[in-house]
Amino acid sequence: MEMGLGQLTELSEGMNLPEFRKMVTQENINLYAEASRDFNPIHIDEDFAKKTPLGGTIAHGMLILAYVSQMMSAAFGQSWLSGGRLNVRFKTPARPGDSITVTGRISRIKRNEGQTLIRCDVSCQNQNGDSVITGEASVRVEK
Amino acid sequence: MPEKQKIEYSQLEVGYEFPPSSYKLDSSMVTTYLKAVEDASALYQDTVLVPPMAIAAHAMASLSESICLPPGTIHVSQEFEFIDAVSINDTLISYARVGRKQSRGKFHFLIVDLNVINQHQKAVLTGKTSFILPEHSEDM
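So the sequences go chain by chain: D and F.
Residues in the first sequence are numbered consecutively from 1, following our numbering.
Residues in the second sequence are numbered consecutively from 1, following our numbering.
Keep in mind the hints are simulated off the structure, nothing from the lab.
Warning: the hint list may mix true and false statements.
[What the hints assert, rightly or not] Every beta carbon over 12 Å from chain F, so not counted as near; a handful from chain D, in silico:
#: 1; residue: Leu8
#: 2; residue: Gly14
#: 3; residue: Asp47
#: 4; residue: His60
#: 5; residue: Ser73
#: 6; residue: Ala74
#: 7; residue: Arg111
#: 8; residue: Gln125
#: 9; residue: Gln127
#: 10; residue: Asp130
[What the hints assert, rightly or not] If the Cβ cut is set under 7 Å, some of the chain F residues that face chain D in the computed set are:
#: 11; residue: Lys35
#: 12; residue: Pro70
#: 13; residue: His75
#: 14; residue: Ser77
Where is the CB? At the ideal position from N, CA and C, for every residue including glycine.
Using the sequences and the hints given, assemble the complete structure.
Next comes the structure, spelled out in structure tokens:
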């Protein structure tokens with residue numbers, strides 16, 4: 001099985017997944033709106049968004065969550081597509097210009113006959129250290 | 001795409017099933033999605049695999065096209081399980097059902113259960129979406 005993290009037997013609890021950074025841009029938000037058919041003006045209409053308590057456009061929470069999924073598929077390959085789970089909370093909106101750091105850490109490895117369940121704590125933080133997303137991701141990997 | 005008739009929050013009851021939505025994720029949709037999230041991983045290059053969060057995004061879009069949520073609604077949490085890989089041009093059907101509706105103080109909570117199946121009737125994704133709605137949502 002192809003995994004970005006190397007061999008399954010080399011994984012251990014406490015191991016960090018390779019982290020990465022993403023810059024949130026209005027262009028990406030607009031593209032995401034198109035891809036997801038979510039054209040809520042809070043995401044794409046700067047004039048509208050300025051008049052709301054948020055004071056400007058924000059990224060779709062699902063766009064930022066896609067970064068977590070990307071980290072998991074980079075780490076666990078195709079297993080993520082047919083054995084992945086996410087359970088997260090959206091804490092703070094991400095805005096255009098934010099730099100989002102996506103991190104993950106293996107919290108538990110449960111080896112059973114034929115497959116291994118790997119649980120990870122995952123999070124996305126902005127450049128100020130504010131938590132944008134926190135939660136858990138898990139993946140079932142065939143041995 | 002024709003505008004669907006939306007149901008108001010006040011009309012929802014636990015167990016309410018939103019109209020199912022059928023869609024096909026073609027290669028241009030997947031390309032736009034990958035560009036939006038800047039995912040250039042080899043997993044999706046020169047393959048027919050669809051990123052699971054692209055499927056999730058469409059399931060959520062189908063839901064948002066069926067429900068009228070008031071301004072100020074916050075998407076607070078999200079669960080997904082990716083059960084089976086989806087290929088480009090698979091036909092998917094999204095089902096959504098009100099799992100919980102509750103008021104606490106001046107806030108209202110809504111949890112919607114999602115299920116997506118493919119053209120072989122096989123489950124490919126399940127999920128649970130939670131919203132907090134602002135005061136007076138029951139009046140809508």
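Results for each hint:
no.	hint	verdict
1	Leu8	18 Å, holds
2	Gly14	25 Å, holds
3	Asp47	15 Å, holds
4	His60	8 Å, violated
5	Ser73	6 Å, violated
6	Ala74	6 Å, violated
7	Arg111	21 Å, holds
8	Gln125	17 Å, holds
9	Gln127	17 Å, holds
10	Asp130	16 Å, holds
11	Lys35	6 Å, holds
12	Pro70	12 Å, violated
13	His75	5 Å, holds
14	Ser77	5 Å, holds
In the structure shown, a violation is registered for the earlier hints numbered 4, 5, 6 and 12, in ascending order.
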